[in-house]
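**Q** The task is to assemble the complex, starting from two chains supplied on their own in separate frames and drawing on the hints.
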Amino acid sequence: MTAPQPVDVKTPRRRKRAWLLVLVALAVLGGGAVYWMTNSRHEADDRPADPPPADPPVPVSGRPWFRDVTEESGVRFTCRNGEEADNFTILESLGGGVGLIDYDGDGLLDLFLIGGGYFDGPDRKQIKGHSCKLYRNLGNWKFKDVTREAGLDVPWFYTHGVAVADYDRDGWPDLLVTGYGRLALFHNEPDGQGGRHFVDVTEKAGLRDDLWATSAGWADLDGDGFPDLYVCHYVDWSFANDPVCPGYVAGVKRDVCAPEMFKPLVHALFRNEKGKTFRNVAAEQGFKAAGNGLGVVLADLNGDGRPDIYVANDATRKLLYFNRGGWKLEELAVRAGAAVDEAGRPQGSMGVDVGDYDGSGRPSLWLTNFQGDMHALYRNLGQETFRHQSQAAGIAALGQTWVGFGTGFIDVDNDGWEDLVIANGHVMRQPAWGLPMKQRPVLLHNGEQKGRRFFKDVSPQGGAFFQTPAVGRGLAVGDLDNDGWPDLVVSNTNGGVVLLRNEAAADNPASWMGVKLVGRGHRDVVGATVILEAEGRQLTRFARGGGSYLSAGDPRLLFGLGPSGKAGRVTVKWSWGESQSWDGLAPNQYWELREGEAEPRRLGTRE
Amino acid sequence: MRLGGKRTWITLAVLLLLLAGAAYWAGLHVWGSYHYRAAEQALERRDFPEAAGHLKKCLDASPSDLTWRLAAAQTARRQGEYNEALEHLAAYQQEGGSAEALARERKLVEAQRGDQALIDQLLTSCEQRPEALETPAALETAIEGFRNVLRAAAGAKPPPQYLARLRRAADLWLRLRTGPADQAQGLVWRADFLKRADDRRAAVADLRRAVELDPQHFEARLELATLVAPEDPREAADHLEALRRRHPDDNRARFLLALVRRSLGQPDEARQLLDEVLASEPGHAGALLARGQLALDAQQPAEAERWLRRAWTLEPEEPETNLALSDCLKMAGQADEAKTFEDRFLRIKAQRARKATDPTHRD
Chain A
1 MTAPQPVDVK
11 TPRRRKRAWL
21 LVLVALAVLG
31 GGAVYWMTNS
41 RHEADDRPAD
51 PPPADPPVPV
61 SGRPWFRDVT
71 EESGVRFTCR
81 NGEEADNFTI
91 LESLGGGVGL
101 IDYDGDGLLD
111 LFLIGGGYFD
121 GPDRKQIKGH
131 SCKLYRNLGN
141 WKFKDVTREA
151 GLDVPWFYTH
161 GVAVADYDRD
171 GWPDLLVTGY
181 GRLALFHNEP
191 DGQGGRHFVD
201 VTEKAGLRDD
211 LWATSAGWAD
221 LDGDGFPDLY
231 VCHYVDWSFA
241 NDPVCPGYVA
251 GVKRDVCAPE
261 MFKPLVHALF
271 RNEKGKTFRN
281 VAAEQGFKAA
291 GNGLGVVLAD
301 LNGDGRPDIY
311 VANDATRKLL
321 YFNRGGWKLE
331 ELAVRAGAAV
341 DEAGRPQGSM
351 GVDVGDYDGS
361 GRPSLWLTNF
371 QGDMHALYRN
381 LGQETFRHQS
391 QAAGIAALGQ
401 TWVGFGTGFI
411 DVDNDGWEDL
421 VIANGHVMRQ
431 PAWGLPMKQR
441 PVLLHNGEQK
451 GRRFFKDVSP
461 QGGAFFQTPA
471 VGRGLAVGDL
481 DNDGWPDLVV
491 SNTNGGVVLL
501 RNEAAADNPA
511 SWMGVKLVGR
521 GHRDVVGATV
531 ILEAEGRQLT
541 RFARGGGSYL
551 SAGDPRLLFG
561 LGPSGKAGRV
571 TVKWSWGESQ
581 SWDGLAPNQY
591 WELREGEAEP
601 RRLGTRE
Chain B
1 MRLGGKRTWI
11 TLAVLLLLLA
21 GAAYWAGLHV
31 WGSYHYRAAE
41 QALERRDFPE
51 AAGHLKKCLD
61 ASPSDLTWRL
71 AAAQTARRQG
81 EYNEALEHLA
91 AYQQEGGSAE
101 ALARERKLVE
111 AQRGDQALID
121 QLLTSCEQRP
131 EALETPAALE
141 TAIEGFRNVL
151 RAAAGAKPPP
161 QYLARLRRAA
171 DLWLRLRTGP
181 ADQAQGLVWR
191 ADFLKRADDR
201 RAAVADLRRA
211 VELDPQHFEA
221 RLELATLVAP
231 EDPREAADHL
241 EALRRRHPDD
251 NRARFLLALV
261 RRSLGQPDEA
271 RQLLDEVLAS
281 EPGHAGALLA
291 RGQLALDAQQ
301 PAEAERWLRR
311 AWTLEPEEPE
321 TNLALSDCLK
331 MAGQADEAKT
341 FEDRFLRIKA
351 QRARKATDPT
361 HRD
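Which chain is which? The protein sequence lines are A and B, in order.
Residues 1 to 607, numbered by our numbering, are exactly what the first sequence covers, in order.
Residues 1 to 363, numbered by our numbering, are exactly what the second sequence covers, in order.
One chain only, chain B, in its complex shape (with noise of 0.2 Å):
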């Protein structure tokens, strides 16, 4: 064979397109491949937004992929959201996926949304067959969907019995999954409802521990800082300035800290991460009377009118605002209008009183 020849030149193009085609495909596969290996490790470690963002490389090099598909809806759910997932699952049916998949994933997206039925029932199954392979993510979604339904009703208390029985429910979790980011989680899970039943001093153990195995855990050291703070306010700081090292731009961390910072006597630092939190958020009702509080220390009422005011534009019907103008304006000289808040105040307090003694009260 003669190397220059027009024949072997023709036939090393063909060979070289077929390779070319061949290496195409084979690095779509290998590509996805990759990236879905590396969303399954980011999901061990529950690192939902990095396991999206893997999962959405390998949709890209393959729509069609099933399995990558369906993995992409349960993480956008895990996530919180819910509609993404949800258009996953439409995608996922499209293709044609397993209806029997698809009916229990979208249960799970609306057991996690909050319907505290299929919440119910999910719990019951893992009551019942606590070693099914089903039963971990059956857990974290009645766990986070009950969590939901707390978040919705904000203030609201639920009955000891069922604490108790979420309670066990982290527990199973915890005996499950044994990773050290689930086992943080589930730790997580159960300082919650320790909390929520009144028992903060195994709420703070778990979210010690939690903190231990993840470090990294945003939640675990904001429920710890947010639990430690009245107790020692010093340790929260130290919690709390470690989440700001890593999400400067987390309000949750910067608000709380201004606030731990104020009770360690540290205006100045409160001051300046508050004016950090209004940058981001205008809105943000606790920095605005936080900001106020701060100037009413420093006896500036003028300067305080101003963050009062834009905090009680916004919760007129919170008592901490409506007292904290009060005491502004009567520091300011402004007896009269200072007494309008002052009733105000009062009448806040006797009607919130009322509603808490009153078993017939209703909103």
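Just chain A, with the same shape it has in the complex (with noise of 0.2 Å):
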């Protein structure tokens, strides 16, 4: 029998102790977890938001490519709408246009400005004009107010556009004004004193228009070398026909009407008869009221050597017709692909223009247009056909804010390559969208992106007058200076007109040249298309009738031919006409290209 094991009595103990720290500890960690499981907060996903990559703004290198000169020229003016009277009448959106006119031949490009109107009598309902100016360019910048000397202190009705022609073929340019209710030809004649004056030749021309007329564009329709006029009509409105219209943003009682309140009228279209009088014709056109007229451009758009004809319209369909001879114009903008946008809408279209963007040769159409729609580009790619590239070329990433009105292509920095410009400016005095009513011109730099033209927004570039908001309106595009680089006046409705000089030459060593092109017998050439070899390019120009908004811009043409200055062989070809070439012309100097003559003249001095 063996001895009993002596009992280690510490052990059971232990034991407990050690069964009683398990049971804790699991109580312990199954409470936390259980408290962790019920009591913690499940976070969302809180990566933090994307914030938007700011767009890098565009770079500003060297000096401003303009410069606001109207200080020192003399230029005090401006154009009123009457606006005042708070009759809120959609009379007063539509402000006033800038004529460049060398009126009195000394190879400078005088200025005519449209003085708009005002509302008189006890019931402020009497429509009145406000005086139009003409600035006689001295040179070195410097304008003097010729009004008076220049036959052209009348009274004025309310006026919007102007037009330049010479419409008798006399050598020297008339002047059209249109507005409401009225239109004024005014005949360029001698004065007497070896200067010139203008006539009013409105009645004894039979030039009678009693609605509302706004763009009008020249060019010779039916090959008889005698200018014939296309006038743009608004709308029916009148006092008699004034809607009250609710404003546009909420709480806002009153605003200006849109066009959809009225009804369009029906465009004139003047048949020159031989430089004497002018006859309506639209009615033998077929022509319906079927736009809300506000800008007209007259070129060669298919290349047959005729000028057609085409038609900015407001919140209508734009009109193109074709010149096919013989007073037969059809009208083929839906077909030609040049009526609508994209998304098949009518556009508020004010300004136009046309030009050579893509170095295709061909004319593409270019409009400004109201907010909410894109500015539109209708490139032309041949037989008759326009594609809207506004997405394409860059003109979109603008966005829909804008309401532009006058324009133009213009080869700012003398690439060769055209750039546009825009005078913007709202319509209604508190717009949708929370807009603001001034907004600031835009300038389109033309280059290249993957291979393809593309316009991309340096307004920066051009200085101060592209930063500041304005009502702007009229626009003209001309050389005043005769130094190759294109300047600009801008006429922003109750705020003055802006003279812009192009210094763009101090950072960007071009060379240019301009050609003058004078008709045989001095026909109209208004059609006529200008090419320029210059380096295995072809640079290629249109005169046109007409253009930008309300306005009349330089009728010589500019070709930038880069650094390199080099240019070759200038082929003219004529409207209703032969093409003409010349060789050997030298850059950086205006030349006058006559039809028939061989030899070229060359112009003026450079300032």
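Rather than coming from a laboratory, the hints here were simulated on the basis of the structure.
Quick reminder that beta carbons are idealized off the backbone N, C-alpha and C, glycines included.
Any given hint could turn out to be false.
As the list claims (entries may be wrong) - Rough simulated footprint, nothing fancy, chain A against chain B, three-plus residues with beta-carbon under 8 Å: (1) 168–176; (2) 197–203; (3) 260–268; (4) 292–300; (5) 341–350.
**A** What follows is the structure, given as structure tokens:
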């Protein structure tokens, strides 16, 4: 028998303690787990929001391309619209244009400025006109008011637009002024003292028009050498048809009515009867009241040598009349793809121009549009076909907040590619979307992106003017100092006319060549196409009537030659005529090319 | 006591079994409570899919829990899954849920589905008793219900006074529900009504605030991008890129971004996005049209025609498609057929213009 083993009295106590410890630990862990599971917050995926990357600002390199020289020029003028009467009429929304005209033949472009109008009388419903002004270009960016001497100190009606042409082929440019219920034609005549002045020949010429006339453009549509006249009409507004329209933003009781509140009018087409009288052939042409017309440009759009007509209508389809000769005008805007935007909507179009922006040699169409539309660039594909190209060409990147009016193709930096300029400004006093009435002008540079032409907003490069909001309307492109660099004149409603001197030459060593076309026997040259060959490139420019908005630009054609400065053959395809070429024209010079004359004439001097 | 004893082992085994049973029961409850709490938090963030997922786990653990079942029904309704909501409510009824709660919830389902009379009732009750406990749910249902009515009647313009009433409902929601997600949602609703009342500026302001409060709010950012795209396509692109990073397969953001990229003059990027949309949704008529238009921009009529004919098959009455096809065929030199589409475009536009100006017109 073995002796009993001594019992380790500490063992059961240790085990009990161990059990207890295990239980306590489990309880703590379990409790903790339960607490965590029931009380912890389930955070959302708290990845930070992706901040929108900032759009890189357009760099401004070197000096601004334009300098405002209005102050020192002596031009002090404002087109007024009469809004102070608080009538809120749609008449106030259009503003006025700018005409560039070398009326005295000194080789310098003078300025004809539209005055606009106001409302008079006890009820402030008598429509009156402010004076228009003619400023003579004295050179060196000095201008003198010569309105009285030039015979233009006349009782004016409520005016909008200006168009320039030598309607009687006497070799001197004449003036047409449009406005509410009237046209005025002023013949450029010798003043008997060695100068020139204008004589109102409206009645004599039978140029009667009692509708609301806006933009007008001249071109010889029948090949008789005398320029005919297309006049846009807007809508049937009058004080007898003047509804009160509610505002476009909450809380605004009244604002200017939209054009949709009125009926469109039949546009006028005046046939020039050998420089003596005019006859409206709109009815013969079957024109219908189909468009609220605001802009018109005439140029050879299909390369057949005849000037065609493209009309910018507000909120209705654009009109495109191809000239088939013999007074056959065929309206084919829809067929040609230039009537509506890509979505098939008619846009609110105001300003218009044509230019070869893509180096194709064909004139593409350009329109400035209303808020909510993108400005429209219709690329000319040939064979009377256009393609809405605003998106592919970068225009749409501007957004749709603009209300664009005066505009034009302009090779600002003389690189041979035509850029674009736009005067903007709303028509409503308190526009929808909370937009301001005043908008800044826009300068678009025509550059290259992935092998195609692409417009980029380079407004900061344009200088202070392009940063200053205004109610921009009329705009004319022209070389006011004959230095080969295109300048600008802009009319801001109630805000003054602005003269902008192109100083891009300072940082862009480029050459240029300017061309003035003179038709045989001073016949009209609108519809001519000029091609300049320059180092493997062909630069094509178009002689056009009308264009921009309510304005008349420089009739001469400018070719930017870039830094190389080499120019080759110049070929003119005369409208209704033959082609003619010139070789060996020196750059940095204006040349007068006369139809049928082999010898070019050197023009003017560079300031 | 001797640890090694048989009785002890049996006792321990029984105890363990009991403990295991209790632990299982407690675990289920804890598990369910955990997910219910998670669901509540997801609902605070208005993350309905996540809340629904948690509630499903709750009900897996305890299918007869009436609170969880009702919450699942409400969540399904708020998510727009009405059939699922009704299934939950049927189960709720079967388990003996409150008849009053059941009736109320069924009414909310019908209202949110777009029953105009019920929507009006809800709005009236909210207007009369803004401080009542059930007002937020009623507001949410009425607003979502009305938006469903508008979706069903695409293009219809509600009377301004009704829009104003809904805007006031959204205002009340914003006053009552102060959490960031609810605030963001309230702003999105109000922006919708403001937009429909043509107060675009105020709508954009509300959407910007909503995005600030809840940067991940899909609808807020998408709507903001849609509204600002015409004004500032670059900003729109930024918002849409942000959405696309988080929701790479969402075709709404992808398609809109493609359009914006095109308007920014970036056709390659637009083309790639449209191809992605069409890969996942070959019948996306808008993407087919845009793809065709891109080909037209590049003067590739043969390629454009392929896309545009597919778009036209889907939407033969869309004027834009007819116009694009006409342009395309002209570009391809097929003038006669182009003319048929041009005529068709003009006819459709004329019909629509007549419809818009004729007050007696009825579809």
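**Q** Would you mind marking each hint as holding or not holding in the structure?
**A** Here is what the structure says about each hint:
{"no.": "1", "hint": "168–176", "verdict": "violated (count 0)"}
{"no.": "2", "hint": "197–203", "verdict": "holds (count 6)"}
{"no.": "3", "hint": "260–268", "verdict": "holds (count 6)"}
{"no.": "4", "hint": "292–300", "verdict": "holds (count 5)"}
{"no.": "5", "hint": "341–350", "verdict": "holds (count 4)"}
Hint violations for this structure: number 1 only, all remaining hints satisfied.
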